[in-house]
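Just so you know, the sequences run in chain order G and X.
If you use the numbering used here, the first sequence corresponds to residues 1 to 166, in order.
If you use the numbering used here, the second sequence corresponds to residues 1 to 724, in order.
One should not assume that every hint holds.
If you only want the chain G side, here are some residues facing chain X, beta carbon under 10 Å, derived [said to hold, decoys possible]: (1) ASP52; (2) VAL56; (3) ASP61; (4) ARG65; (5) ALA97; (6) THR102; (7) ILE104; (8) ALA148.
What the hints contain is simulated information worked out from the structure, not anything from laboratory work.
Note that CB positions come from ideal geometry on N, CA and C, so glycine has one too.
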Amino acid sequence: MNAEHSVAPSIASQLPRLLHAPSPQQGSASPTSSGPEPAHLQEVPTISIVDDDPSVRVAMDSLVRSLGYAARTFACAAEFLQSPHVASTACVIADVAMPGMTGIEMQDALIEEGYRLPIIFITAFPKEPMRKRALDAGAVCFLSKPFAARSMIDCLDAALEGRAAP
Amino acid sequence: VLPAPELRLQSARRCLDLAAVGSRLRQLSPRPSRACPVPSRVGNQRAIIAILTASPESTMLMLLHYRLRIHALSTRARIEAAALRRRKQWVGSAALAGRLGGAPTQSRKGRPTVRDTPHPTVFAASPLLALAAVSIALAIFVIDTFTILDIAIAVLYAVVVLVASSFLGRRGVIVVASTCAALTVLGYLLSHGLSVGTPLVRCVISLFAIGIATLLALRNQAAVMAIRGQAQLLDLTHDAIFVLDMNDVIAYWNRGAEELYGWKADKALNKVSHELLRTSFSEPREEIERKLLGTGRWEGELLHTKSDATQVVVSSRWSLQRNGRGQPVAILETNTDHTERKRAEDALRRSEAYLAEGQRLSLTGSFGWKPSTGEIFWSAQTYQIFGYDQGIEPTIELARHRVHPEDLPRAHQAFERAAWERRDIDLEHRLLMPDGSIKHMRVLAHATTDLSNRVEFIGAVMDVTAAKQAQGALQQAQSELAHVTRVTTLGELAASIAHEVNQPLAGIVTNGEAGLRWLAREQPRIEEARRSLERVISDADRASAVIRGIRDLAKRAAPDMVSLDINEPIEAAMALVQSKALRQQVTLQLELARGLPMVRGDRVQLQQVIINLVMNGIEAMLGTSDWARRLVIGSQPYEGDQVLVSVQDSGPGIDPETGNRLFSAFYTTKPDGMGMGLSICRSIVEGHGGRIWAANNDPGPGAIIRFTLPTCPGRLSDRVPGQP
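Excised from the complex, chain X in its bound form:
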């Protein structure tokens, strides 16, 4: 059959189209498919125009659009392979396209599978193609020149040009085309000479066909190069981009995906994505599908497993591609590695959680304050401490509203002064909560300056209510213990006290009797009687003073901090212990400085300290000979703002090894002692803001126990009353 020249032209154009598609398939599609339906050239051109005019992003999308179409169609073709194979004209076109494109698809010899088709490249196929092109050209030349077939065989040189265009550049194609044209002319001259007639027309038509084929091939080549260049942009992005068909089979896999997941494209393609990546979805897959089909998009976080079995968290964006009939055909998945960010976020979240938990456990909230602007920041725990909802904007007024009215002026002044003087804040105050409960607060804040040299405070508020309560309970326990030991001491002093009461009683009785006798004389001695009565009163006063002292020591009362001369409790204590000293043959010696500054303290507790120290000294000297038993009780000013009291004995002294334990509770050297005496002394002295320590006399023998008390006005006067 000799086709009409028009028919040949049409055929040539169709071939050109197919060739173009074939070459694009090789370059764009993961696998060249013999079953690939051919996109229309109009579509090609539209795509090319879009590529040339649109922004890179939309270019990529357009490219993907192409790939998707090709891929979707090829997939469908694969699935419907059998049916498609029956459509012979279709198969024929595809086979032609494949052969023209140089793809080694052997469609006529059995069914090729997609999987076992190698991924072709231009360069891999070029020796074979070059050989084919040369062979075809030679065959055409031989047939054209040496046969007498009356047809335009030379038209087939167009095929050579098209084949060459698949592996040669622009210049090569022009050379090949020129060569083909030369061969056409040469064949004509050899077979027909210079005669003019039908053969000349056939020659011209052939030359014309070769020219058109060359032009189309060059244009197509340029378009393909442009598409390929744009397609490479996809590999420039750091994101992992891949395309799935609706069965989750990977159809495209960019370099970013290769780098992120560790699989090369040829390993990843055609695998089911969530099997390859062992995807862990953050929400049910059905939900993702629903959103994707509904809106065409889905965004979320996925956990993927890489080729080295490590896991990677990705931020994933899915876009659904639909075909012209609106049917979903593919999914474009763009994944960004979020592992590091996720890790940093987790670390930050964990750190925040730890901080919040730490604040909650320690009942410590943090705050920031800029006095210049009034800006305030409260942490969650600060809200909790102040008893406000976190939604409320923190203000000075809110805080003031909670401060106990009695503490408000002091707190206000402290903050104002700190803001003015740019000093750190260290303050204790109370909160009065709406339910009437009291919270004790410790506020610490550090003053800093911002870039504009304005002062800014960063601080913490601590709820120290529990500590305050514990402190109060401890003070009460100490007070009760002190009371118990006082009563115990009184028991030990009973004989001594009896003596102290009996002496004035004896005086009263004797003076009374003497007075009566002075009056009963024949000449009553009024003056003697009057003096006797005066001594009765004085003795009664003395007895009642002793009894009053006993009652003070025995009563259980909260500490009563008053300003006093330390010599007062010392002398009151002497009244109770001197008889004991006397009986133990101990000489008591007072060396009291007069005019000492006042100290602030509880009279009874200080008296107790002195009694304990004196009794301790007396007992320490029991083992020494009588003449050496001497106890010196002294008072003197100390280091400017303190008063020192010392009790010095002449006993055996303190074993240096036990020195430090002397003031510990339950430490005693006495067989029947409780070991509370000196321990109580220490807690009382320290409760008064003082210090107590022991040393051996130098020169010896004996020991000296000293304690100091701050004079007032001193730090003690700043304390809240009732707290030693």
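For reference, chain G alone in the conformation it holds in the complex:
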């Protein structure tokens, strides 16, 4: 059983204040920037993974790193938005249905704050209106779980187009 659900804070209403005064310390749940690429750190894009499901989150982390990118993982939207890594993120891979703030809401919050981050949505509840809204708001992809790894790689390629490949 996933105990994280039970402790997920509802912070949607507090979000703007938090964003204007970002906390200096690191998010407690952003541990896995364990790539052995210190030499090319400046060149390697960092992918932020936001998903409440740990197996998906860890699997995505592994896949992204196997592709040569750096990865940071967050268990919920608020954790990502509060972290100091928003600005350094090259691309966001986000679940849609998450406790507290949904992926779509997180997208809105980022836009509102002036971040134009490429976002790849992954969801187990694919719904057309949601997909349309996400894509209209500038999302790169809207993938249904489970998705083929090839689709994710294509999406990442599209999102990071113009950047140096790892």
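Following the hints, put chain X in place on chain G, whose structure we already have.
The following block gives chain X in isolation, referenced to the frame of chain G:
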């Protein structure tokens, strides 16, 4: 014609006899009959001796014998009146008897009928008789003294004595006799002086006749008094006694009959009995006649109607009286009022019938058991339940023979222990009948002690087979309903379940791809690949667990009661509902106590209860704002021997008016709801021996639904497996 002195004596004796009979007729017979043949004096004496020596009962019979004879003869006389009237000497005697007895029968002046003859008594007739006696005495004295008739006129003083004896007592008779003797002597002295001769002889003869008449009259009077005293005994009995002739005409009617039927003797006499009493015979009259004539007796029950038109049930005994030639002459009928007894008997019979019918309808037999003596009583229904004929003597062995072999040790132990500890018995067991069928029994018995302080059981055996079958059918129906609602719930959870399966599937695919890529590197990262593969396995396990849970919920299976930790079904339920909670923006919070005592229950059904409660809570919160949607699922020990599970939401709470109906079937607040969810929860929880109730949070908002389950070992472990 001058009769010889012997002839006069004979005549006097005959007169005495007739007088005696006449007076007896007045006292014993309902009507004095001029046509009554005279019983012989020998008969009289025999009767008197019998009366004096025999027991009261036979005395009464003897008296009745007399009455019957008299009555029978008088009846015959009435019937044959014309023929008898032609027999002049007979008529003359009777007329004389009647006159001597003082009965106002005017036989010479037309035919008197029995009906219009008044019932005479000594006292009613006495003024007239006294006058007659005085007149006769004066006439005799005048004739004797002042005429020159050369006959013993004074002999006729005997008549005066006899007349006097009919209304005077012993002393009076002696006084009258002395007076007559004095008159005789006086008449002799006045007419003849002191001369000695034939007149003196006539005087002596007359005195002698007066003396004999006096003696006989006194003796007869004493006999009559004795008979009358005995006859009154008949009036002392409470039984109604009456005598019928062979035409059913009432000839005698005692005081008991007067009291029972309400007719005085003078109203009842000479009536036809079954017309007066409107007799309803319990068997054909011909049959009664046949028995009576055959054996001389009949006994039975009759329904009579009293003078006030109410009915009376009597136990009736008839005896037939025959005359010397063996011809039936009369019937003695003795009736005892049985109405009250009959009513009591009827009430008892009715009560017994009701009890028997009640036992038959309720399939409940009663029994008694004295362990000390082994005495056993079974009611008819108990025989029926055990399948034995009622003729058989009930024994412990017979009962044991029917008890199902599997239940025998338990039943035996229960009875033994109850007998030893003098405790009431409350037991359920099965019977195995000879045809192989099974009966379910409930045995209840109350322990009492008899006068010797020995324990005795009074109990009931109930055939509860039908109830058991109904219970089984109900359980099956509930089980099927629970299954249907589970499947319905799974349908509602389909999206949530898909999510729960898709998550690990996404993990598997992603981990697989990542693993391949780690291996495909110029410098393969074996460690990363290995961890990816481990996550593949773990995700696959997670997916299959979800699918297994779905399969459990979807399958239709009899409840499987096992010992389990209540947290297991709670956590299994979370796997299916958390996605739904997530989509509805509901925060699920588990507050499960660890190390709880085990409960006995069906895993799937308990999981169903929790899913239903959680979904109910989620749906209750749909109308509230997102941040407030919070569902807390908790478990904790409760009251020592129970476990409490609570599901607390932050919705609008429960309307107090609907609170009680929350768990009723088909009660729903949802537009498309069936109203079965909470109802199923209740039947499952109660089937597990637990309790479920709802309350509003204090402080609010929201509601909390709690249910308890007994921990094992508890009462549940005593139940027959397969029954929740």
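Comparing the hints with the structure gives:
1. ASP52: With a minimum Cβ separation of about 8 Å from chain X (threshold 10 Å), the hint on ASP52 of chain G holds.
2. VAL56: 5 Å, holds
3. ASP61: OK, holds: ASP61 of chain G within 10 Å of chain X, min 9 Å.
4. ARG65: 8 Å, holds
5. ALA97: 6 Å, holds
6. THR102: 8 Å, holds
7. ILE104: 13 Å, violated
8. ALA148: 7 Å, holds
Checked against the numbered hints above, the structure breaks only hint 7 and satisfies the rest.
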